[in-house]
Amino acid sequence: MTVLDVRTVTKVYGQGAATVHALRGVSLTVARGEYLAIMGSSGSGKSTLMNILGCLDIPTAGQYLLDGVDVSRLNDRQLALVRNRRIGFVFQSFNLIPRTSAVANVELPLAYAGVKPAERRRRARNALNMVGLAQRGDHEPNQLSGGQQQRVAVARALVTEPALVLADEPTGNLDSRSTEDILGIFDDLHAAGRTILLITHEEDVAARASRLIRLVDGQIVTDVRQQVLA
Amino acid sequence: MNAFEVLRFAVRGIGANKLRSSLTMLGILIGVAAVILLVAVGNGSARQVADRIEALGTKTLTVQGVGGSGALTPALAEALDDPVLAPDVASVSPVTSTQATLTYQGTEHSVQQLVGSSPSYFAASNSPIGDGAAFTADDAAQGRPVIVIGQTVADELFPGVQAVGKEITVNGALFTVIGVLDEKSSASGFMDANDVAIAPLSAVQQALTGYGPLTSIVVEARTPEKVTDAQSQVSLILSQRVQVPSGSTTQPYRIQNASQLLQTQTETADTFTTLLGAVAGISLLVGGIGITNIMLVTVTERTREIGIRKALGAPRRVILTQFLAEATMLSLLGGGLGVATAFIGSNFTIVGVRPVIVPSSIALALCVSVAIGLFFGSVPAHRAAGLRPIDALRYE
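Same order as they appear, the protein sequences are chains A and B. Take the first sequence: its position 24, counted from the start at 1, is 24 in my numbering, and no numbers get skipped. Take the second sequence: its position 279, counted from the start at 1, is 279 in my numbering, and no numbers get skipped.
Heads up, a few of these hints could be off.
[Stated by the list, open to error] Partner residues aside, some chain B positions facing chain A, computed with beta carbon under 7 Å:
id : residue
1  : Ala16
2  : Leu19
3  : Glu305
4  : Ala311
5  : Leu312
6  : Gly313
7  : Ala314
8  : Pro315
9  : Arg316
[Unchecked claim] Quick partial rundown of chain A residues pointing at chain B, CB under 10 Å, derived from the structure:
id : residue
10 : Gly54
11 : Ser72
12 : Arg77
13 : Ala80
14 : Val82
15 : Asn84
16 : Thr100
17 : Leu108
18 : Pro109
19 : Tyr112
By construction, these hints were calculated from the structure, which means they are not laboratory data. Predicted model, so just to flag it, every value in this text is computed and none were measured. Ideal Cβ positions, reconstructed from N, Cα and C, are used throughout, including at glycine.
Whole structure, please, built from the sequences with the hints as guidance.
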């Protein structure tokens with residue numbers, strides 16, 4: 001069962017002399033339950049690819065099918081629905097809403113999905129429990145460490161039970177212990193059958209994925225399935 | 001996302017930056033309160049002027065002698081009371097007025113205005129009797145030394161004592177107090193309307209002023225609507241009776257009409273109110289610009305947050321309503337508090353004027369403040385909600 005089907009996607013920024021080809025025809029299919037790591041040096045287009053996969057950006061050319069639906073044909077409202085229901089996004093810089101408690105942050109996607117408050121609270125608590133932050137639900141982001149903030153962000157990505165979890169360098173800003181916590185959560189999710197896409201430039205992070213793609217200058221150069229360590 | 005949820009988000013947004021929110025509200029509060037209060041002050045002063053003039057009587061005309069010409073005589077006054085030539089004149093009161101010193105058992109009081117007139121003067125000058133009685137036509141004809149005094153005079157000469165029936169001296173002549181006037185609504189300008197004494201014309205002439213010309217003639221029309229008719233009839237009779245002295249082009253008398261005076265004064269007061277309202281409107285506008293500024297800063301500052309919300313699946317409409325609800329709530333709260341402030345402020349006398357709130361100014365000020373919030377909130381919110389999530393997220 002294919003979750004992602006990317007067909008010769010290109011992305012061009014700027015015009016004239018300042019034109020940057022961030023993606024030069026990337027094709028990729030990802031099956032349900034895969035744990036995929038994308039590596040590449042900075043400027044290789046991995047973040048651009050991730051943004052397109054997360055429906056945050058639109059490709060210049062090419063097709064992108066998510067669960068068999070051509071995303072480029074959707075209007076603003078439908079795209080919002082896709083982002084809400086199908087995708088859980090984890091950012092490098094956490095991107096929690098400031099001055100808002102952890103549990104309210106986790107509830108947010110459910111609020112936009114129209115879930116009732118009591119149900120919302122219950123599911124948000126469950127998600128926080130899963131990332132080991134059940135006791136910290138009422139803390140605001142600035143009262144949490146970086147690792148804890150990222151775990152709240154992961155809980156927020158998971159709370160709608162999306163088909164696809166996208167993580168854009170989720171451990172880039174974290175120390176090794178917090179990195180271990182986050183990767184442990186991803187391992188559990190993978191074991192539970194979730195589809196995970198993760199961007200990283202750290203070899204040991206990439207080594208935990210079941211499939212590794214390397215991007216150079218906006219093109220896929222290697223695509224290997226690997227034995228999962230640990 | 002139902003309406004309640006949107007409101008809760010808006011409350012949270014406002015609460016997130018309390019100082020800024022309260023400063024914004026303060027701007028609107030001051031603007032709204034200033035509009036309502038200043039218009040109320042203008043309105044209050046217009047009322048005050050109208051009250052003063054109405055206290056003089058809206059049915060009366062005053063014929064005033066000009067330049068000591070001596071044109072006004074008791075005979076002329078009698079001529080004005082002519083049912084054929086002047087059918088709209090209800091009564092004519094010849095008036096001579098002077099200053100005098102009243103004495104009662106060693107207590108002296110210098111009265112501003114000692115009026116000698118006929119009994120019709122009480123009705124024409126809107127001076128009802130509070131205690132005792134007015135003098136009668138018979139008293140006037142006989143020239144009996146009786147006198148009716150105003151409240152101020154009664155308080156000065158007879159503190160805590162019944163004034164009616166006492167004998168006082170007026171510049172040495174003996175008069176009997178037969179009545180005390182009702183308290184009149186406060187002073188007209190710098191003169192105390194209650195510092196007055198009224199006696200029969202003949203008695204005053206005999207004892208005090210001598211039989212010279214009258215100070216003025218007070219003419220009462222039958223109804224306030226007939227004042228203009230009465231005025232033209234009076235002026236016709238006067239022009240026939242009074243000779244313009246040689247070597248002068250102006251008439252030796254002047255006719256004043258209380259309702260004309262009222263009209264001019266009301267127009268002046270209206271101009272005053274408009275001016276005050278305009279000044280206050282400017283302050284409301286400045287408050288509005290304050291809101292614009294704050295909303296722009298708020299939305300720009302939260303562009304990233306908008307990006308996050310969109311990445312989590314917030315539809316455009318929800319983002320838009322959230323920010324609009326915030327802006328509207330801010331301006332409504334500020335406006336509401338402004339109305340409350342204006343209501344509290346209107347209980348105090350401001351520069352000698354008791355403000356009278358105009359209901360339409362409340363509605364206007366509130367509507368303007370909400371419109372400002374909606375308009376200036378919607379422009380930046382629209383821009384932010386229309387951003388692609390990736391652009392909003394990248395915003396620093």
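Each hint, compared with the structure:
The interface hint given for alanine 16 of chain B is met, as the beta carbon of that residue sits about 5 Å from the closest beta carbon of chain A, less than 7 Å. For leucine 19 of chain B, the shortest C-beta to C-beta distance to chain A is roughly 13 Å, which exceeds 7 Å, and the interface hint is violated. The interface hint given for glutamate 305 of chain B holds, since its Cβ lies 6 Å from the closest Cβ of chain A, which is under the 7 Å cut-off. Because the smallest distance between the Cβ of alanine 311 of chain B and any Cβ of chain A comes to about 5 Å, under 7 Å, the interface hint for this residue holds.
Given hint, leucine 312 of chain B at the interface with chain A, holds; its Cβ is 5 Å from that chain's nearest Cβ, closer than 7 Å. Because the closest C-beta pair between glycine 313 of chain B and chain A is about 2 Å apart, less than 7 Å, the hint holds. For alanine 314 of chain B, the shortest C-beta to C-beta distance to chain A is roughly 5 Å, which falls under 7 Å, so the interface hint holds. A hinted interface residue such as proline 315 of chain B counts as satisfied when its beta carbon comes closer than 7 Å to some beta carbon of chain A; here the least separation is about 4 Å, so the hint holds.
Satisfaction of the interface hint for arginine 316 of chain B is found here, the shortest Cβ-Cβ separation to chain A being roughly 6 Å, below the 7 Å cut-off. A hinted interface residue such as glycine 54 of chain A counts as satisfied when its beta carbon comes closer than 10 Å to some beta carbon of chain B; here the least separation is about 7 Å, so the hint holds. Hint status for serine 72 of chain A relative to chain B: violated, with the closest Cβ pair at about 14 Å, above 10 Å. Evaluation of the arginine 77 of chain A hint against chain B yields a held restraint, the C-beta minimum of about 5 Å falling below 10 Å.
This hint holds: alanine 80 of chain A has a C-beta 4 Å from the nearest C-beta of chain B, less than the 10 Å allowed. At a threshold of 10 Å, the smallest CB-CB gap from valine 82 of chain A to chain B is about 8 Å, leaving the interface hint in force. Hint status for asparagine 84 of chain A relative to chain B: holds, with the closest Cβ pair at about 2 Å, below 10 Å. With its C-beta approaching chain B no nearer than about 7 Å, threonine 100 of chain A sits inside the 10 Å limit, and its interface hint holds.
This hint holds: leucine 108 of chain A has a C-beta 6 Å from the nearest C-beta of chain B, less than the 10 Å allowed. Below 10 Å, beta-carbon pairs count as interface contacts, and proline 109 of chain A has one with chain B at about 5 Å; its hint therefore holds. Look at tyrosine 112 of chain A: its Cβ gets to within about 5 Å of chain B, closer than 10 Å, so that hint holds up.
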